[in-house]
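Now for the letters of each chain:
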Amino acid sequence: MVKIVRKRALNSSVTLLEVEAPLIAQKALAGQFIILRLDEQGERIPLTIADFDREKGTVTIIFQKVGLTTQLLSELEEGGVILDFVGPLGCPTELPENAKRVCVIGGGVGCAIAYPQAKACRARGIAVDVIAGFRSKDIVILEEEFRAVSDRLFVMTDDGSYGERGLVTQKLQSLVDGGVRYDAVIAIGPVPMMKFVSQTTRPYGIPTLVSLNPIMIDGTGMCGGCRVTVGGEMKFACVDGPDFDGHKVDFDELMNRNGLYRGQEARELERHDCRMDQMARRLMGRKK
Amino acid sequence: MANMSLKKVPMPTQDPQVRSHNFDEVALGYTPEMAMEEAARCLGCKSKPCVGGCPVNIRIPEFIAKVAQGDFREAYEIISDTNALPGVSGRVCPQEVQCEARCVRAVKGEPVAIGRLERFVADWYREHGDETAARPASNGRRVAVVGSGPASLTCASDLARLGYEVTVFEAFHTAGGVLVYGIPEFRLPKAIVGEEVDKLAALGVKVETDMVVGKTFSVDEMFEMGYEAVFIGSGAGLPMFMGIEGETLAGVYSANEYLTRINLMKAYREGYDTPLKVSRAAAVVGGGNVAMDAARCAKRMGAEHVYVLYRRDEEEMPARKEEVHHAQEEGIEFMLLTNPVRILDDGKGRVGGMECVKMRLAAPDESGRRSPKVIEGSNFRLEVDTVVMSLGTSPNPLIRSTTPGLEVNRRGCLQVDEQTMATSRPGVYAGGDAVTGAATVIQAMGAGKKAAASIHAYLREKG
Numbered sequence: 001m002v003k004i005v006r007k008r009a010l011n012s013s014v015t016l017l018e019v020e021a022p023l024i025a026q027k028a029l030a031g032q033f034i035i036l037r038l039d040e041q042g043e044r045i046p047l048t049i050a051d052f053d054r055e056k057g058t059v060t061i062i063f064q065k066v067g068l069t070t071q072l073l074s075e076l077e078e079g080g081v082i083l084d085f086v087g088p089l090g091c092p093t094e095l096p097e098n099a100k101r102v103c104v105i106g107g108g109v110g111c112a113i114a115y116p117q118a119k120a121c122r123a124r125g126i127a128v129d130v131i132a133g134f135r136s137k138d139i140v141i142l143e144e145e146f147r148a149v150s151d152r153l154f155v156m157t158d159d160g161s162y163g164e165r166g167l168v169t170q171k172l173q174s175l176v177d178g179g180v181r182y183d184a185v186i187a188i189g190p191v192p193m194m195k196f197v198s199q200t201t202r203p204y205g206i207p208t209l210v211s212l213n214p215i216m217i218d219g220t221g222m223c224g225g226c227r228v229t230v231g232g233e234m235k236f237a238c239v240d241g242p243d244f245d246g247h248k249v250d251f252d253e254l255m256n257r258n259g260l261y262r263g264q265e266a267r268e269l270e271r272h273d274c275r276m277d278q279m280a281r282r283l284m285g286r287k288k
Numbered sequence: 001m002a003n004m005s006l007k008k009v010p011m012p013t014q015d016p017q018v019r020s021h022n023f024d025e026v027a028l029g030y031t032p033e034m035a036m037e038e039a040a041r042c043l044g045c046k047s048k049p050c051v052g053g054c055p056v057n058i059r060i061p062e063f064i065a066k067v068a069q070g071d072f073r074e075a076y077e078i079i080s081d082t083n084a085l086p087g088v089s090g091r092v093c094p095q096e097v098q099c100e101a102r103c104v105r106a107v108k109g110e111p112v113a114i115g116r117l118e119r120f121v122a123d124w125y126r127e128h129g130d131e132t133a134a135r136p137a138s139n140g141r142r143v144a145v146v147g148s149g150p151a152s153l154t155c156a157s158d159l160a161r162l163g164y165e166v167t168v169f170e171a172f173h174t175a176g177g178v179l180v181y182g183i184p185e186f187r188l189p190k191a192i193v194g195e196e197v198d199k200l201a202a203l204g205v206k207v208e209t210d211m212v213v214g215k216t217f218s219v220d221e222m223f224e225m226g227y228e229a230v231f232i233g234s235g236a237g238l239p240m241f242m243g244i245e246g247e248t249l250a251g252v253y254s255a256n257e258y259l260t261r262i263n264l265m266k267a268y269r270e271g272y273d274t275p276l277k278v279s280r281a282a283a284v285v286g287g288g289n290v291a292m293d294a295a296r297c298a299k300r301m302g303a304e305h306v307y308v309l310y311r312r313d314e315e316e317m318p319a320r321k322e323e324v325h326h327a328q329e330e331g332i333e334f335m336l337l338t339n340p341v342r343i344l345d346d347g348k349g350r351v352g353g354m355e356c357v358k359m360r361l362a363a364p365d366e367s368g369r370r371s372p373k374v375i376e377g378s379n380f381r382l383e384v385d386t387v388v389m390s391l392g393t394s395p396n397p398l399i400r401s402t403t404p405g406l407e408v409n410r411r412g413c414l415q416v417d418e419q420t421m422a423t424s425r426p427g428v429y430a431g432g433d434a435v436t437g438a439a440t441v442i443q444a445m446g447a448g449k450k451a452a453a454s455i456h457a458y459l460r461e462k463g
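Here the protein sequences line up with chains D and U, keeping their order.
With the working numbering, letter number 205 in the first sequence gets 205, and the count goes up by one each step, no holes.
With the working numbering, letter number 16 in the second sequence gets 16, and the count goes up by one each step, no holes.
Looking at chain U on its own, in the form it has when it is part of the complex (with noise of 0.2 angstroms):
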């Protein structure tokens, strides 16, 4: 019988108080019973329609039927069959957009919580699952796949599931892309992406970090060493910043920087060396998932006032509402419809303030969407101490700049086929934020395996 609950069972979380001053974990994850309870919600339609609005089509009926029957391994084997990073896309899916937007249980009440399930059952393998999976006998074939988020590492896994050598090449020190520099510790435990590489290596993947594609050698150099096949899944490039007066002030960040200096050189530990600064007040400009990231990093690094400034109103921001709510409730304090105008010199080259200025939201324009426009005269003066820009990326050179024939878009993002992920060069293909600009970790991971699956056909036919 169907647990008739409109609403879902609530995720215990740590309380706000005490997290705001902590790196550890936001949310706590359910027990089994809760996870069972939440699981008899599900009415396990015929028609699947959240199946359909996840980028991994993770068979979400039946996965969340063996949850509900206490049946975790049965229920982690389901969704580790399309998914390479459960315990990953459980936290940091939009769920609220993908799956369980389309949930009918949603039509009236809350959507199943087909996420925090998914965390659960990931959570539940990280404890109880004993066996490592069964390497798969080689093919023999090796192919080369740059960068290490997560379409790097769903690239990497379906690959060397299908049987190919597979070497990842990393240019940090550390191996998992946006998901060890820009999301913090507190959404994404860094030990649960570790364990996630260690899976791949155990299915034979090489990691190699500290190897920059574009200039320790390049793709072209790559296919001479060998690999018959290229995956580029380079990530973010450079912030962007607004070109207003004061952003090169000591005490501005791009947030790729703010989060990077925070979550992978650990400036937050003692004991690491890599500065930040103190800050009293900062200001975050944006309203994606990294402002709000950053603006809960600041909080916890001991900025007594974090603001976010968003151009447009909440209902506009293209955070996770779960990330607001948590942002909201660890007392960041939101500033909607405003916008800076200038940054403020303290007299010594830092940051002494900020000019804003009120926005209103004009008639929906071509794109359907509201233009912000200012409001003349509603000119404010901000006191804060660091700012934070986080307004997106613009893609990264290095490959690009020396991979001849690689045709990019107007942006600058790699060009490939929508179907297959091929780029215009024979044999390479790309997916990810190097693709589309900043987009989403389940996204990427999507991207992944189609192109682990063109990979694989191409090299089939190539013979």
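If we strip away everything but chain D, and leave its shape as in the complex, we get (with noise of 0.2 angstroms):
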């Protein structure tokens, strides 16, 4: 059981929660993720770790309202209890030996997972370019956090209510362009773009590292659920993973995979003529 000690509301739908786990915080890395799961009747659902603080024993999620789950974790305030919460698991980024200069992209909720990867970056002394992109200014995140870890950072709304109009891909695309030399292309966010990023380094040869968030139960390598296509050969992204070579990666199958209950989902909200009230009888029940 985990203590959560402070609570932010990064905008209408993502929200970041600092937890207290020390042993977590202390073998932490960037790339790697935690499953948690909220009460007896909860699912476990993973989280890649936002941030930690192994000082203070803490680790940082953020995440975005998709279904019940990430519903009721937004519920929780400060001082309450998560039930289980597991890691550090999986992977942690394994960058190009004597990368000089790289381009982290984060994609939405994405960027709460491509910070930490910029942040590991600039430690190391590598030269660090960030493309956030976002669909409009309203859902902005993490603006300040990636201004202090990057040399740049490049804010893009797919509307152009806030930074330049535009895809990442684009930005991206006239970067290189440009003729920046990137060593290494970290892309975290909706399977799609981190498709179409892949596309775009290819022609270029460089290396692109994407963060695969497939279905998961355990995250141990025991349900087989996160199996994954990864230059032919199938991967479990929750041992072998979650980072990939994101021109092996077949993102076609991931998001069919990733698809599999939504139609359930949503035949479960229409069922239910008020979340809500379900939502808060389960908040009431767990904190008997």
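Just so you know, these hints were derived from the structure itself, not from any lab.
Among these hints, one or two may not hold up.
To be verified - One side of the interface only, derived from the structure: several residues of chain D facing chain U at Cβ under 8 angstroms:
#, residue
1, Glu43
2, Val86
3, Leu167
4, Gly225
5, Thr229
6, Val230
7, Gly231
8, Met234
9, Val239
10, Asn256
11, Gln264
Said to hold, decoys possible - Quick look at which bits of chain D chain U covers, simulated, 3 or more residues with Cβ under 8 angstroms:
#, stretch
12, 23 to 30
13, 76 to 85
In this text, a Cβ means the ideal position worked out from N, Cα and C, and glycines have one as well.
Taking the hints as your guide, dock the two standalone chains into a single complex.
The structure is reproduced here in structure tokens:
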């Protein structure tokens, strides 16, 4: 059981929680994830570690409300507890040796995971450009944090309401065309974004790391739910990843597998006239 | 006077039509009268062949004699002297290839129902046993146990009885390993597993859940933390797949995932959040106990048709006979000598059927087993929307990759001295599926028992 020591709403749908998890904070490295379960009836969901503080013994997670569990998680307050919090799982990110300059690309809530990557690169003395993409101004997150750990920060919005108008891939293309030489690109965000970033870097042969988010249960190499095809081989994101070579990942397959329960979730929502009621009951139940 | 009936006293069971729609236990257990009647079939042979067939050497004729006399408490004492989990093994052991296979009564007629009697005694004690086991005096020495499945629970129990301070580290949120995530409620009620774990706590064993050894901390760090010996019972690893087309379509599960969603995460119960695909027709590929469990779960989750595909014939199926029989009663459709060729896409990235081929058994090869051969041109299409692959597992890499000097075999299983269960690292012992690959609960328990004795000997010598 872990206690929530800090909560911050980053935008209307994205929340940051810092929790007391000293054992995990001690070991965590950029690229690794945790699995959490809210209560006895809860499901297990994986979330990539957004930050950690070894001295304070805390781990930070940032998540978007997309389903029941993340919705319930966002309702928790400082001082509240999460029943199960397991990690650090997966392999830490491995950058190419002697990398001098990297481009870290985050899309939407994926920026939460792109941030520790930028921070880790900076700590190793690597020059870091960050491209952070959002739908619009109102959902921009972590701008100050990114600015603090990057040489250059480019904020992109789909509608041009903030930063530059355009996609992260357009920015990346123009930087590369403009003569910037990246030793690696790290892309974290929605699967289509990672797919198109990988397509953008492929002709230039720039090593591209993506962080995958397949369906997972145990996170320790037991259930096999997180299998992905990488370079024609079956890999398990929980023990072989979650980072993989973006030029080898079958993104379409991943998108398809991630959609397995989508219809069911939608039907669930229809069936319950008032989902909030159910959540309130659950929250009350847990406090007992 | 012995009961000379050639048949076992039948086990009362839930009606197949009813039970195929619920998760309550299938076998209901003997009454005291039934148990005493069955116990009277035991001849009490001096040579006790049955004991040699038991991986934990339960003194079988002795406990059965007590059952025959109606002294169930004493029967329990005899069983629990060598078996830490009688309520579990009485339900899930493949007795027909172990103790019961060696029963003299089986020469003519059915063997004594040793498993059913063991279960009866364990259940009787759950209801009537009052005293909690006295907590042994601590010898002040600490031992760490990794994993909380049958091997680990047995090892922890034996060490605790010897006075060691044992801590069990479990990666999941609930202790029990395969007993909770794998074996379904209708075959092994989770309350029974929970009580066995509670008994360990009463012996002073600490259970730490949510701890992934190899990630949260390493085996080396456990020694630094003051543990003098470590037992690794981390269990089965990554599921195997066939390598055929379509295995990554949505709706293809490993048996591990399918069973974990249902058993551990309780996807079958109202109010639990873990989703499971609603199936109309499901195919389970494989012929072991895990395949039977997955098939029977699929039926209970509402699939109209559930097929078990096995590439050999029924004779060769590794599953317990009773499980196959129960599955047949529940309407599971067995397609023997059948193998999948590819899984078909419904056009939306989901399972839209399966192309299969018929097999025949060739003459026995060097191993003595008849190998299955494809019958060319026998391809046919099976209408299913869910596929569960139950083909075994390969060992988990987390511990071997983070523990220098820990030797593994060609398949990646931890290498141990079979007599002592000692690994290549001093003070580190291992047993169960982490060593053998997929095997049975009772074999794991036997390994845990051996390891506990070796750890005791090692620590006494170390001083």
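A quick look at each hint next to the structure:
1. Glu43: 4 angstroms, holds
2. Val86: Holds: closest Cβ of chain U sits about 5 angstroms from valine 86 (chain D), inside 8 angstroms.
3. Leu167: 25 angstroms, violated
4. Gly225: Where the cut-off is 8 angstroms and the nearest Cβ of chain U is about 4 angstroms from glycine 225 (chain D), the hint holds.
5. Thr229: 6 angstroms, holds
6. Val230: The hint is violated - valine 230 (chain D) has no Cβ within 8 angstroms of chain U, the shortest such distance being about 11 angstroms.
7. Gly231: 14 angstroms, violated
8. Met234: Holds, about 6 angstroms.
9. Val239: At 6 angstroms from the nearest chain U Cβ, valine 239 (chain D) passes the 8 angstroms test, so the hint holds.
10. Asn256: 4 angstroms, holds
11. Gln264: 5 angstroms, holds
12. 23 to 30: holds (count 3)
13. 76 to 85: Since 3 is at least three, the answer is holds.
Checked against the numbered hints listed earlier, the structure breaks hints 3, 6, 7; every other hint is satisfied.
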